[in-house]
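As they're listed, the protein sequences go chains G and W.
Counting along the first sequence from 1, when you hit position 46 you're at 46 in the working numbering, and nothing is skipped either side.
Counting along the second sequence from 1, when you hit position 32 you're at 32 in the working numbering, and nothing is skipped either side.
Hints are supplied without guarantee of correctness; some may be wrong.
Said to hold, decoys possible - To be clear about the criterion: a stretch of chain W counts as covered by chain G if any three or more of its residues have a C-beta under 8 Å from a C-beta of chain G, and this derived list gives those stretches:
| hint | segment |
| --- | --- |
| 1 | 26–32 |
| 2 | 127–138 |
| 3 | 168–179 |
Stated by the list, open to error - Sample of chain G residues facing chain W (criterion: CB under 7 Å; computed from the structure):
| hint | residue |
| --- | --- |
| 4 | T5 |
| 5 | H11 |
| 6 | L13 |
| 7 | F70 |
| 8 | G82 |
| 9 | K83 |
| 10 | N88 |
| 11 | N94 |
| 12 | Q121 |
Claimed, not checked - Straight line, CA to CA, 30 Å or less: simulated DSBU-like cross-link-like pairs of lysine-lysine:
| hint | chain 1 | residue 1 | chain 2 | residue 2 |
| --- | --- | --- | --- | --- |
| 13 | W | K240 | W | K153 |
| 14 | W | K78 | G | K6 |
| 15 | W | K223 | W | K89 |
| 16 | W | K170 | G | K12 |
| 17 | W | K153 | G | K83 |
| 18 | W | K244 | W | K123 |
| 19 | W | K223 | G | K83 |
| 20 | G | K6 | W | K240 |
| 21 | G | K83 | W | K120 |
| 22 | W | K89 | W | K120 |
| 23 | W | K236 | G | K6 |
| 24 | G | K83 | W | K170 |
| 25 | W | K53 | W | K123 |
| 26 | W | K4 | G | K12 |
Calculated from the structure, these hints are not laboratory results.
Every value quoted in this text rests on a predicted model; they were computed, and no experiment measured them.
Every residue gets a Cβ at the ideal spot worked out from N, C-alpha and C, and that includes glycine.
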Amino acid sequence: MAASTKQFLYHKLHTLLGLFPIGLFVIFHLAANHQATQGPEAYNSVVEMIESTPFLIFLEFGFIYIPLLFHAVYGLYLAFLGKQNVNNYGYFRNWMFLLQRITGVITLIFVAWHVYETRIQAALGAEVGYEMMHEILSNPAMLGFYILGVLSTVFHLSNGIWSFLVHWGITVGPRSQRLATYLTVGIFVVLSVIGVRAALAFA
Amino acid sequence: MAEKTISLVITRQDTPESTPYKEEFTIPYRPGMNVISCLMEIQRNPVNSQGQKTKPVIWESNCLEEVCGACSMVINGKPRQACTALVDKLEQPIRIAPMSTFPVQRDLSIDRSRMFDALKRVKAWIPIDGTHDLGPGPRMPEVERQWAYELSKCMTCGVCLEACPNVNEKSPFIGPFAISQVRLFNEHPTGNMNKHERLEALMGEGGITNCGNSQNCVQSCPKGIPLTTSIAHMNKETTKHAVKRFFFS
Chain G
1 MAASTKQFLY
11 HKLHTLLGLF
21 PIGLFVIFHL
31 AANHQATQGP
41 EAYNSVVEMI
51 ESTPFLIFLE
61 FGFIYIPLLF
71 HAVYGLYLAF
81 LGKQNVNNYG
91 YFRNWMFLLQ
101 RITGVITLIF
111 VAWHVYETRI
121 QAALGAEVGY
131 EMMHEILSNP
141 AMLGFYILGV
151 LSTVFHLSNG
161 IWSFLVHWGI
171 TVGPRSQRLA
181 TYLTVGIFVV
191 LSVIGVRAAL
201 AFA
Chain W
1 MAEKTISLVI
11 TRQDTPESTP
21 YKEEFTIPYR
31 PGMNVISCLM
41 EIQRNPVNSQ
51 GQKTKPVIWE
61 SNCLEEVCGA
71 CSMVINGKPR
81 QACTALVDKL
91 EQPIRIAPMS
101 TFPVQRDLSI
111 DRSRMFDALK
121 RVKAWIPIDG
131 THDLGPGPRM
141 PEVERQWAYE
151 LSKCMTCGVC
161 LEACPNVNEK
171 SPFIGPFAIS
181 QVRLFNEHPT
191 GNMNKHERLE
201 ALMGEGGITN
211 CGNSQNCVQS
221 CPKGIPLTTS
231 IAHMNKETTK
241 HAVKRFFFS
């Protein structure tokens with residue numbers, strides 16, 4: 001394939017990975033966290049179930065770390081390529097364009113911290129479970145940071161679904177794009193409620 | 001009776017490299033004026049608000065009926081054509097600046113070469129020249145012609161590039177208009193015969209994937225061209241083309 005289409009392929013890969021597998025993983029992760037609202041035992045049993053998945057480390061690398069790393073690195077390049085101009089063009093989609101870039105950066109910082117605090121600590125021998133999260137989130141500042149991180153992640157995913165549909169030529173006309181806006185707003189609200197409830201359950 | 005006047009603040013620049021500066025003008029009002037006639041008034045009597053003699057403001061214009069795109073400039077913060085910017089409908093002072101996404105030549109005159117280069121890159125034409133008569137081409141269905149006509153209203157004015165956050169000195173993006181022109185020429189039954197060349201060009205550096213969906217272009221286009229529909233449509237076409245090329249050839 002010609003070298004000149006490299007950017008095209010990278011960009012397509014970026015949008016694809018954002019949804020499959022990263023987006024699906026985020027939804028699964030938030031749903032699993034939501035078990036914490038049923039009490040520590042319910043949450044710990046979900047953690048146990050996940051930890052007993054065969055070949056977990058390969059699944060983690062193949063479906064989470066590597067796709068996420070590519071999405072993040074290419075996303076940072078894209079974020080700083082744009083020159084925001086919402087002051088002059090305060091249209092809804094232009095705001096979404098800006099927020100997608102801002103939430104992308106916030107999400108990256110949040111996820112990096114979150115992975116360090118949980119997955120890397122687990123690799124170093126810490127035990128993952130309700131206690132670990134309770135210890136982190138009982139600090140109000142950390143709870144605030146986590147809620148911001150979750151909301152930012154969920155926004156980035158919801159609005160990302162909207163742009164995915166455009167980038168792959170699924171929603172072409174203004175009517176379908178408007179319907180997709182309503183749909184993705186709905187996804188944002190639902191996932192936010194699930195995510196924030198889980199965070200509060202640990203506090 | 002005090003004479004009615006118009007006040008203007010114009011962003012000026014003497015050479016392509018020099019620093020821009022603002023100059024204020026107060027000119028006599030006449031009914032039915034547009035921004036071009038204001039600039040013509042300054043040309044006739046190049047005196048600024050302080051009463052000092054100054055260089056007349058340079059601008060470009062041609063058709064004066066919003067079909068050529070030459071007089072695009074930023075008027076009160078929004079890029080548009082100066083010929084259809086009617087003074088009676090503008091807030092004063094009227095702030096006029098060049099579309100600085102493009103290299104400024106002098107004052108309001110800009111160099112839109114990158115747009116014409118983009119049209120060359122995507123081959124926005126229909127090759128029909130040959131050494132012998134090829135006969136009539138295929139007919140175009142009327143329903144297709146109707147919407148394709150809307151796309152053909154593009155006058156390469158540059159407003160969509162000025163409004164787009166992804167068109168700047170760091171980005172090689174060819175701009176929304178060029179993508180829409182590919183849709184136009186690929187829709188034409190004769191142009192369709194070379195559609196792959198245009199799709200490949202869109203998949204190249206600075207091509208369609210540089211669109212970030214801010215949709216400022218469709219909000220700003222003076223001709224009301226459905227630019228974002230064209231972009232999404234070409235997203236579908238380039239994706240199909242890429243898949244086909246990867247698996248079947």
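A quick look at each hint next to the structure:
1. Given a C-beta distance limit of less than 8 Å, the hint that chain G covers the segment 26–32 of chain W is violated, as 0 residues qualify and 3 are needed.
2. Remark: the segment 127–138 of chain W is not confirmed as covered by chain G, as 0 of its residues place a Cβ nearer than 8 Å to a Cβ of that chain, below the required three.
3. By the rule of at least three residues with a Cβ nearer than 8 Å to a Cβ of chain G, the coverage given for the segment 168–179 of chain W holds, with 3 such residues.
4. Annotation: T5/G was flagged as interfacial toward chain W, and the flag holds, the nearest CB pair being 5 Å apart, inside 7 Å.
5. With its C-beta approaching chain W no nearer than about 4 Å, H11/G sits inside the 7 Å limit, and its interface hint holds.
6. The restraint placing L13/G at the interface with chain W is violated, with a minimum CB-CB distance near 10 Å, outside the 7 Å limit.
7. The interface hint given for F70/G is violated, since its Cβ lies 15 Å from the closest Cβ of chain W, which is over the 7 Å cut-off.
8. Taking 7 Å as the C-beta contact cut-off toward chain W, the hint placing G82/G at the interface holds, the least distance being around 5 Å.
9. Restraint check, K83/G versus chain W: the minimum CB separation of about 4 Å is within 7 Å; hint holds.
10. Checking N88/G against chain W: minimum C-beta separation of about 5 Å stays under 7 Å; hint holds.
11. With a least beta-carbon distance of about 5 Å to chain W, the hint placing N94/G at the interface is held under the 7 Å criterion.
12. Interface restraint check: Q121/G against chain W, minimum CB-CB distance 36 Å, threshold 7 Å, status violated.
13. A threshold of 30 Å between alpha carbons decides the hint, and for K240/W with K153/W the separation of about 27 Å falls inside it, so the pair holds.
14. Restraint check for K78/W and K6/G: the C-alpha separation of about 35 Å exceeds 30 Å, so the hint is violated.
15. Under the criterion of a C-alpha separation no larger than 30 Å, the hint pairing K223/W with K89/W is consistent with the structure, at around 19 Å.
16. Using a Cα cut-off of 30 Å, the hinted pair K170/W and K12/G holds, with the two alpha carbons roughly 21 Å apart.
17. With a CA separation close to 28 Å, the supplied pair K153/W and K83/G stays within the 30 Å bound.
18. Proximity of K244/W to K123/W is assessed by CA-CA distance (about 21 Å); at most 30 Å being required, the pair is judged to hold.
19. A hinted pair counts as satisfied when its Cα atoms are at most 30 Å apart, and K223/W with K83/G qualifies at roughly 25 Å.
20. Restraint check for K6/G and K240/W: the C-alpha separation of about 16 Å stays at or below 30 Å, so the hint holds.
21. In summary, the hint linking K83/G to K120/W is supported, as the alpha carbons are separated by about 26 Å, within the 30 Å threshold.
22. Restraint check for K89/W and K120/W: not satisfied, since their Cα atoms lie roughly 37 Å apart, outside the 30 Å limit.
23. Between K236/W and K6/G the alpha-carbon distance is near 18 Å, which keeps this suggested pair within the 30 Å criterion.
24. Using a Cα cut-off of 30 Å, the hinted pair K83/G and K170/W holds, with the two alpha carbons roughly 9 Å apart.
25. Of the pairs offered as hints, the one joining K53/W and K123/W is violated, with about 47 Å between alpha carbons and a cut-off of 30 Å exceeded.
26. Simply put, K4/W and K12/G have alpha-carbon atoms about 58 Å apart, too far for the 30 Å limit, and the pair is violated.
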